[in-house]
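Q: Sequence:
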Amino acid sequence: MLRVRVRHADTTVVRLPSEVDHENASDIGARCQELIEEGCATLVLDASDVQYLDSSGVSVIVALSSALDSHAGALRLAALSDHYQQVWRLLGLDTLLPVFPTVRAALDGHDARACADTRESLDHLRTMPGNPQPSSRTTA
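Following this note's numbering, the numbering of the sequence shown begins with 12 at its first residue and continues without gaps.
Each pair of labels, with its calculated beta carbon distance range:
{"hint": "1", "residue 1": "49", "residue 2": "97", "range": "27 to 37 Å"}
{"hint": "2", "residue 1": "20", "residue 2": "103", "range": "25 to 35 Å"}
{"hint": "3", "residue 1": "50", "residue 2": "97", "range": "33 to 43 Å"}
{"hint": "4", "residue 1": "63", "residue 2": "42", "range": "14 to 24 Å"}
{"hint": "5", "residue 1": "74", "residue 2": "30", "range": "11 to 21 Å"}
{"hint": "6", "residue 1": "101", "residue 2": "49", "range": "27 to 37 Å"}
{"hint": "7", "residue 1": "63", "residue 2": "20", "range": "27 to 37 Å"}
{"hint": "8", "residue 1": "20", "residue 2": "100", "range": "25 to 35 Å"}
{"hint": "9", "residue 1": "62", "residue 2": "102", "range": "17 to 27 Å"}
{"hint": "10", "residue 1": "48", "residue 2": "101", "range": "26 to 36 Å"}
{"hint": "11", "residue 1": "77", "residue 2": "49", "range": "14 to 24 Å"}
{"hint": "12", "residue 1": "20", "residue 2": "101", "range": "28 to 38 Å"}
{"hint": "13", "residue 1": "50", "residue 2": "77", "range": "12 to 22 Å"}
{"hint": "14", "residue 1": "96", "residue 2": "32", "range": "11 to 21 Å"}
No lab work stands behind these hints: they were computed from the structure. Glycine included, every Cβ here is placed at the ideal spot set by N, Cα and C.
Can you build the whole structure from these sequences, using the hints too?
A: If you want it as C-alpha cells, here you go:
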C-alpha cells in the first residue's frame with residue numbers, strides 16, 4: 012500500500028510499502044504519476060519500510076524520475092536500506108538518482124548525514140509559515 016504522508020505546495024512525501032515488486036509496481040507508478048499530474052514537482056519516496064525491491068520497482072522509480080525531470084521537477088529517494096543502497100550503487104543508479112539518508116535530508120535537498128526521523132521531517136513541513144494542514148490519504 013502506498014501512503015501519501017505529506018502534501019505541501021508542490022512537494023509530496025509518500026511512504027512506499029514493504030514490498031515493491033511486479034505485483035504492485037505499476038499501481039505505485041500510476042498513483043505517483045497522478046500526483047505529478049496534480050502539480051507535485053518534488054516527490055520524496057520514503058523507502059524506510061521497503062524490505063523487498065525487484066527490477067519492476069527499480070524501473071518504476073527510474074521512470075518516475077524521468078517523468079519529473081520532464082516537468083522540471085525532482086524525485087528524491089529517502090531512507091533506503093543499506094542492502095538496497097549497495098544494489099543501487101552497483102547498478103550505477105546513484106549517479107542518476109542519489110539516495111538521501113532520511114526524509115528530512117531529502118526535503119532539504121542535500122545529502123545531510125544528520126540524524127532525523129520521519130516524524131521530525133514531517134513536523135518540519137507542518138511548522139513552515141503559511142502551511143495549511145497537510146493531507147494524508149491511503150491508496151491501495
